[in-house]
Amino acid sequence: MSEAPAAPEPTSTARVSIIYCTQCRWLMRAAWVAQELLQTFRTRLSEVALVPGTGGVFRVELDPGDGRDAVLLWDRAAEGGFPEIPPLKTAIRDAVAPDLSLGHTDRVQPRG
Numbered sequence: 073m074s075e076a077p078a079a080p081e082p083t084s085t086a087r088v089s090i091i092y093c094t095q096c097r098w099l100m101r102a103a104w105v106a107q108e109l110l111q112t113f114r115t116r117l118s119e120v121a122l123v124p125g126t127g128g129v130f131r132v133e134l135d136p137g138d139g140r141d142a143v144l145l146w147d148r149a150a151e152g153g154f155p156e157i158p159p160l161k162t163a164i165r166d167a168v169a170p171d172l173s174l175g176h177t178d179r180v181q182p183r184g
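Just add 72 to wherever you are in the sequence shown, counting from 1, and you've got this note's numbering.
Treat the hints as calculated values from the structure; they're not laboratory data.
Here the structure is a predicted model, which is why all the values come from computation and not from measurement.
Ranges of calculated distance between the beta carbons of each label pair, as one might list FRET restraints:
1) 104 / 143: 16 to 24 Å
2) 173 / 149: 28 to 36 Å
3) 100 / 140: 30 to 38 Å
Simulated crosslink set (EDC-like; lysine to aspartate or glutamate; CA at most 16 Å straight-line):
4) 161 / 133
5) 161 / 119
6) 161 / 178
7) 161 / 135
For glycine and all other residues, C-beta sits at the position ideal for the given N, C-alpha and C.
Starting from the given sequences, assemble the full structure and let the hints guide the process.
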């Protein structure tokens with residue numbers, strides 16, 4: 073029986089935490105945001121953590137992992153609603169992978 077190849081090491085120590093309200097049943101929304109980030113950033117993030125909370129919380133925090141302080145990217149209490157994915161990806165990209173193209177997200181969208 074052959075061994076599976078080892079998983080590649082993350083190229084970054086940046087970590088995203090998504091703190092979501094279990095009382096509000098926002099796990100699926102948090103998981104979807106996590107999936108979007110993991111698909112986009114692959115090994116440029118070392119971890120995307122889902123952190124259960126209560127009281128209507130939905131926050132997205134970024135620890136760049138390079139000695140800089142963690143950054144609050146989205147807080148439902150302050151912003152209302154939930155984060156839009158394109159600006160969230162842009163903020164993370166600018167902090168941890170400025171060389172990464174986000175494709176159509178980088179293009180300016182006309183307002184109508």
